[in-house]
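Colleague: If you want the building blocks of each chain, they are given just below.
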Amino acid sequence: GNSVTQMEGPVTLSEEAFLTINCTYTATGYPSLFWYVQYPGEGLQLLLKATKADDKGSNKGFEATYRKETTSFHLEKGSVQVSDSAVYFCALNQAGTALIFGKGTTLSVSS
Amino acid sequence: EPEVTQTPSHQVTQMGQEVILRCVPISNHLYFYWYRQILGQKVEFLVSFYNNEISEKSEIFDDQFSVERPDGSNFTLKIRSTKLEDSAMYFCASRELAGTVNEQFFGPGTRLTVL
Chain A
1 GNSVTQMEGP
11 VTLSEEAFLT
21 INCTYTATGY
31 PSLFWYVQYP
41 GEGLQLLLKA
51 TKADDKGSNK
61 GFEATYRKET
71 TSFHLEKGSV
81 QVSDSAVYFC
91 ALNQAGTALI
101 FGKGTTLSVS
111 S
Chain B
1001 EPEVTQTPSH
1011 QVTQMGQEVI
1021 LRCVPISNHL
1031 YFYWYRQILG
1041 QKVEFLVSFY
1051 NNEISEKSEI
1061 FDDQFSVERP
1071 DGSNFTLKIR
1081 STKLEDSAMY
1091 FCASRELAGT
1101 VNEQFFGPGT
1111 RLTVL
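Just so you know, the protein sequences line up as chains A and B, in that order. Under my numbering, the residues of the first sequence are numbered 1 to 111, in order. Under my numbering, the residues of the second sequence are numbered 1001 to 1115, in order.
There could be a bad hint or two in this list.
With a straight-line cut-off of 27 Å between C-alpha atoms, the simulated BS3-like cross-links for lysine-lysine are [said to hold, decoys possible]:
#	chain 1	residue 1	chain 2	residue 2
1	B	LYS1057	A	LYS60
2	A	LYS52	A	LYS103
3	B	LYS1042	A	LYS56
4	B	LYS1042	B	LYS1083
5	A	LYS52	B	LYS1083
6	B	LYS1042	A	LYS68
7	B	LYS1042	A	LYS60
8	A	LYS103	B	LYS1042
9	A	LYS56	A	LYS77
10	A	LYS77	B	LYS1057
11	B	LYS1083	A	LYS60
If we take Cβ atoms under 7 Å as the criterion, some of the chain A residues that face chain B in the derived model are [as the list claims (entries may be wrong)]:
#	residue
12	ALA27
13	LEU46
14	PHE101
In silico negatives: residues of chain A with every beta carbon more than 12 Å from chain B [unchecked claim]:
#	residue
15	GLU16
16	GLU42
17	GLU76
Simulated from the structure, these hints should not be mistaken for laboratory data. Don't be surprised by glycine CBs; every beta carbon is placed ideally from N, CA and C.
For reference, chain A alone in the conformation it holds in the complex:
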C-alpha cells in the first residue's frame, strides 16, 4: 500500500542555517504530495504541495520538488528562523482520498 517515510528528528539548527528534511514515498500511480506544519499548540497547516512530477511547491521560503524518479519530496529552506520551530509532516493522497502521513520531524531553531 501507499506509505511515506520521513527522516527521524529532532533536527536542531542555528538561525540562518540551511534546512533539509527528507521525505520519500511509495505509491501506485501519481499521488499528490504535501508538507504540513504544526506549530506548538496548533493544528496541522498546509505548508506547500505538488500535484505532478517535477512540480515545485513553495511557501514562506520553503520549497519541495516532486521527484518521481527518486520518489522523493524533500523539504528545503535556505535560511531558517527561530519562528520555523515546529513539527513538519510529509503526506500524500490520491484522487482526494485520505491523507497518508509520515511520522513527522521536529525542527528546533536557536538564535
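Position chain B against the provided structure of chain A, taking the given hints into account.
Modeller: This is chain B only, laid out in the frame that chain A set:
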C-alpha cells in the same frame, strides 16, 4: 480567516467510558475527516464523511467508533467504550467539494487520555 475548531482541547476519561469529540468544520466545506496521532507515531486516517454518510474508513475505525453530523455545523466522533490504546491526539479536518481540490484544513486537535 475561517478555521476548523475542536472541543475539548483535552479530555481525560476512564477505560470503558464513552467519549464524544466535537468539531466544527469550515462552513462551506462538504468533506469531513477524523485522524488520530498516538504519541510518537504517525498521523493516521480514521474516517471520511460526505453527504451524511461515511465515504471511506480505515481498519482502525471499528465498531467502537461512530461519526455523526447532528445539526449541520458540528461533526462528532464517538468512541463507545474507550481502551487505553485509544489515548491519542484526534484531529478533525474538512475540505471543499471543488476549488482547491485535495487541500484539507485541520483543527488544533483534542488530546484524549484514557486511564
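Colleague: Decide if the proposed pair is consistent with the structure: A/LYS52 and B/LYS1083, CA atoms, cutoff 27 Å inclusive.
Modeller: Answer violated: A/LYS52 to B/LYS1083 is near 41 Å, above 27 Å.
Colleague: Against the 27 Å threshold, does the CA-CA distance of B/LYS1083 and A/LYS60 hold or violate the hint?
Modeller: violated, 41 Å
Colleague: Looking at A/GLU16 again, its CB stays over 12 Å from all of chain B?
Modeller: Holds, because the least Cβ-Cβ distance between A/GLU16 and chain B comes to about 30 Å, which exceeds 12 Å.
Colleague: Would you mind confirming whether the straight-line C-alpha gap from A/LYS77 to B/LYS1057 stays at or under 27 Å?
Modeller: Violated, at about 35 Å.
Colleague: Is the Cβ of A/GLU76 farther than 12 Å from every Cβ of chain B?
Modeller: The assertion about A/GLU76 holds, with a minimum of 21 Å to chain B.
Colleague: Starting from B/LYS1042, check that the Cα of A/LYS60 is at most 27 Å away, please.
Modeller: With Cα atoms ~25 Å apart, B/LYS1042 and A/LYS60 stay inside 27 Å; holds.
Colleague: Just to be careful: measuring from the Cβ of A/LEU46 to every Cβ in chain B, is the smallest value less than 7 Å?
Modeller: holds, 6 Å
Colleague: Decide if the proposed pair is consistent with the structure: A/LYS56 and A/LYS77, CA atoms, cutoff 27 Å inclusive.
Modeller: Roughly 13 Å separates the two Cα atoms, so the pair holds.
Colleague: Could you check if A/ALA27 really has its C-beta closer than 7 Å to a C-beta on chain B?
Modeller: Violated: closest Cβ of chain B sits about 14 Å from A/ALA27, beyond 7 Å.
Colleague: Per the stated criterion, does the least C-beta distance between A/GLU42 and chain B lie above 12 Å, as a non-interface residue requires?
Modeller: The claim breaks: A/GLU42 does not keep its Cβ more than 12 Å from every Cβ of chain B (closest is about 6 Å).
Colleague: Regarding the pair B/LYS1042 and A/LYS68, is the alpha-carbon distance no greater than 27 Å?
Modeller: holds, 23 Å
Colleague: Do the alpha carbons of B/LYS1057 and A/LYS60 lie within 27 Å of each other, as the hint requires?
Modeller: With Cα atoms ~34 Å apart, B/LYS1057 and A/LYS60 exceed 27 Å; violated.
Consistency with the previously given hints fails for numbers 1, 5, 10, 11, 12, 16, ordered from lowest to highest.
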